[in-house]
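Engineer: Each chain, written out:
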Amino acid sequence: MDRREALSRVALIMGGTIIGAEAFLSGCKNPPAKEGLFSTEDVALLDEVGDTILPTTAASPGAKAAQIGAFMKVIVTDCYTPEDQKIFTDGIIKLQDAAQKKYSKSFMEMSPEQRTEFLIALDKEANDRSKEIAANDSKLTDEQKHERKLQQDLGTYKRPVEDDPHYFSLIKQLTLWGYFTSKPGATQALRYVAVPGSYQGCIPYKKGDKAWAT
Amino acid sequence: MPQDSSKININSGGVQKNTYDAIVIGSGISGGWAAKELCELGLKTLVLERGRDVKHIKDYPTANLAPWEFRHHGGITDKDKKENPVASHCYAFEETAMHFFVKDKEHQYIQEKPFDWIRGYQVGGKSLTWGRCTQRWSDFEFSGPQRFGYGWDWPIRYKDVASWYSHVEKFIGVCGSKDGLEAMPDGEFLPPFELNCVEQHLKESILKNYGNRFLVHARWAHLTQPNQTHIDQGRGKCQARNLCTRGCPFGGYFSSNSSTLPWAAKTGNLTIRPFSVVHSIIYDEQKQKASGVRIVDTNTKQSTEFFAKIIFVNGSALNSNLILLNSTSKRFPNGLGNDSGLLGKYICHHNYRGWLGGEIDGFTDSYYFGRNPTDAIIANYRNLHQIDTDFLGGYTTYCGAHRDRNNGNNNPQQIGAAYKESMTEPGGWTVYAYLQGETIPKEKNHVRLSTDKKDDWGIPQLITSVEYDDNDDKLLNDFFVQTEEMFTKAGVKNIYHTDSKQAPGLDIHEMGGCRMGNDPKTSMLDKWNALHHCKNVFVTDGACMTSTGNQSPSILYMTLTARAANYVVEQLKKNNI
Chain A
0 MDRREALSRV ALIMGGTIIG AEAFLSGCKN PPAKEGLFST EDVALLDEVG
50 DTILPTTAAS PGAKAAQIGA FMKVIVTDCY TPEDQKIFTD GIIKLQDAAQ
100 KKYSKSFMEM SPEQRTEFLI ALDKEANDRS KEIAANDSKL TDEQKHERKL
150 QQDLGTYKRP VEDDPHYFSL IKQLTLWGYF TSKPGATQAL RYVAVPGSYQ
200 GCIPYKKGDK AWAT
Chain B
0 MPQDSSKINI NSGGVQKNTY DAIVIGSGIS GGWAAKELCE LGLKTLVLER
50 GRDVKHIKDY PTANLAPWEF RHHGGITDKD KKENPVASHC YAFEETAMHF
100 FVKDKEHQYI QEKPFDWIRG YQVGGKSLTW GRCTQRWSDF EFSGPQRFGY
150 GWDWPIRYKD VASWYSHVEK FIGVCGSKDG LEAMPDGEFL PPFELNCVEQ
200 HLKESILKNY GNRFLVHARW AHLTQPNQTH IDQGRGKCQA RNLCTRGCPF
250 GGYFSSNSST LPWAAKTGNL TIRPFSVVHS IIYDEQKQKA SGVRIVDTNT
300 KQSTEFFAKI IFVNGSALNS NLILLNSTSK RFPNGLGNDS GLLGKYICHH
350 NYRGWLGGEI DGFTDSYYFG RNPTDAIIAN YRNLHQIDTD FLGGYTTYCG
400 AHRDRNNGNN NPQQIGAAYK ESMTEPGGWT VYAYLQGETI PKEKNHVRLS
450 TDKKDDWGIP QLITSVEYDD NDDKLLNDFF VQTEEMFTKA GVKNIYHTDS
500 KQAPGLDIHE MGGCRMGNDP KTSMLDKWNA LHHCKNVFVT DGACMTSTGN
550 QSPSILYMTL TARAANYVVE QLKKNNI
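Chains A and B, in that order, give the protein sequences. The first sequence lines up with residues 0 to 213 when you count with numbering that gives the first Met the number 0. The second sequence lines up with residues 0 to 576 when you count with numbering that gives the first Met the number 0.
If you're looking for bench data, these hints aren't it; they were derived computationally from the structure. A couple of the hints might just be wrong.
Claimed, not checked - Which bits of chain B does chain A cover? Going by a derived footprint, with three or more residues having C-beta under 8 Å, they are:
1. 411-420
2. 444-454
3. 535-545
Unchecked claim - Here are the computed lysine-lysine pairs in the BS3-like style, where the Cα-Cα straight-line distance is at most 30 Å:
4. B/473 <-> A/123
5. A/148 <-> B/202
6. A/130 <-> B/473
7. A/157 <-> B/492
8. B/202 <-> A/209
9. A/148 <-> B/80
Stated by the list, open to error - So these bits of chain A aren't anywhere near chain B, every CB distance computed over 10 Å:
10. 102
11. 131
12. 206
What you are looking at is a predicted structure, and each value in this text was computed from that prediction instead of being measured. All C-beta atoms, glycine included, are put in the ideal place defined by N, C-alpha and C.
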């Protein structure tokens, strides 16, 4: 079998993913109208957050041009488990609250520099969390991991709270995945050849050449 | 669309109308070959397929889509995953190719022990989504069980199948290099895919450090340079897209749909009947041979019988067992040809639990062009001339190296323009390997029919009872130790390895249950794949396997099928069947 793709899939899964579906109860005073899990405002916010992570540069458009907010909405709605959906949607509120607290304005009102500075701090917080989760994970034996996988299959697994991913890890992961597999990401930031025609195993690489998208 | 089932219903057409020279059960990789050979040899052949029709190119809806043209960019939804705890374990069960896999609820079975039964019910079967790796068996594999006292002896040796391997290779198109390895015989090869520079380095390092371990380009059913035979099939060169499991509109890899079935159709001798679940094979007590096949039309739920002089059973290993077990008669109360009581027993598979990866410095001035749809292989180097380990059997190591997009982790800030730009260039090289290990056939690993649960067509459900043993653990451990050592000596670092502990079956190399052998007391099939006790029924898919060897099995099924089909036609001419 062609297992190579399986390996890359494993890498994807290791990043973590999950759920959602309840209405917000926490913190949000006048929640805007939502269609499903996300309001139009949420999608617009995610576009800007994504575009701060991966902004437009000389060579290629940013994540907003790849409609990254809409992509996150689709993936979270269709592919996440309910518990990860909740982390993600709660995360949108947390992100807004944190921005308000730190800059006394909403993320949308912040300058590009402020947005970057803010997300760098958030990224650090998320990375620390990921390290803790990885440390917890490394304590598990292969047997325990296997048991966990079986329970996940059966839908009986209850993830301990200390293993919950940070919401910003989810946002960032979806931004990277969605952008680099989007048309602008794959064809402008990276190189995409739909039909290579043949394979050459060993060709010179010179600095500056873009990586292959797939 | 249901096919025109009323036209060939026994009630409207009569026995004569439903009579063919040959019936082939299943249209997958071996059924397609049975159809091709039998039709070419002049037999009016009916191919029964339980699933829908899939026409080459026309029915590959995702074949030309870019990643961004999929709603989930190729991912899988939570709903699909939850509804398919078995099928979703398969690496290819995702948005891009899910339509070629059986959903869990579509054909239920009973897992007495965990078993991931991955199925493809459609014309072409799993040949659309198969792995495409096509090494020949060597005599080490054919004679291993006998030499080392595990399992039963094969009734054939390499010399019996070598020319049939050639016959198959020439038609399907196999790329590879002639390496002169006794553990992996050479064949009729088209030019290989090149090794990339890191793979070349691994090859040289392993050879230098061990002398008798060979990393080579594996053999794959891809047309790197089609010849006239392939062009005549309407197939073209592999375009190095590596999107094979979606079906290839170029016919770049071999499938029943792109090759054997249209070829058989051109003879005018082929009838394919989709939506036809085989209930059982009909045994004629007077003539003491099989007279036909009883099917259930999945659209009408109506039962129909078809008749023929010979029957090929190619339903995929476990379904072929199921059909034979369900084919009971006065003469064979325990399943067709099952005097020995062996039918359904000694189910085996390949050990696919070992995964290993690492990084290697350097080679940053080298890259590749195109997407290689193949892996390299380290030919089996264990237990060849003698048992040189603490386990039985051998293993194949698939491996390779690639250079992905930089992960950006070394960038001081992981937000913003510099971070993004750093990720648009290739990062360092990563190296990977995975295991394909022989498992030892055991009586307790078996399938049988449920006595109370039936499927949607009134056929008993299959119970699977298959598990790993200590030998599998030891072989797996050896793979980890040896591969890590070879890679470390080659400069690979940060090596990690994982025992996936996946259930048997997920290898999609399930085999046995109706094994070949010389002695009717200890085997089901003779050396021509005919049932010892019902000589006009041939089983030439994975069910026939006496042992598993360590190579990917599909090409051996195709080879045994072609050999059996030509044998049977000779016998028909001599009125021996």
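Engineer: When the structure is checked against the list of hints, which entries are broken? Sort them ascending.
Structural biologist: 2, 3, 4, 5, 6, 7, 12
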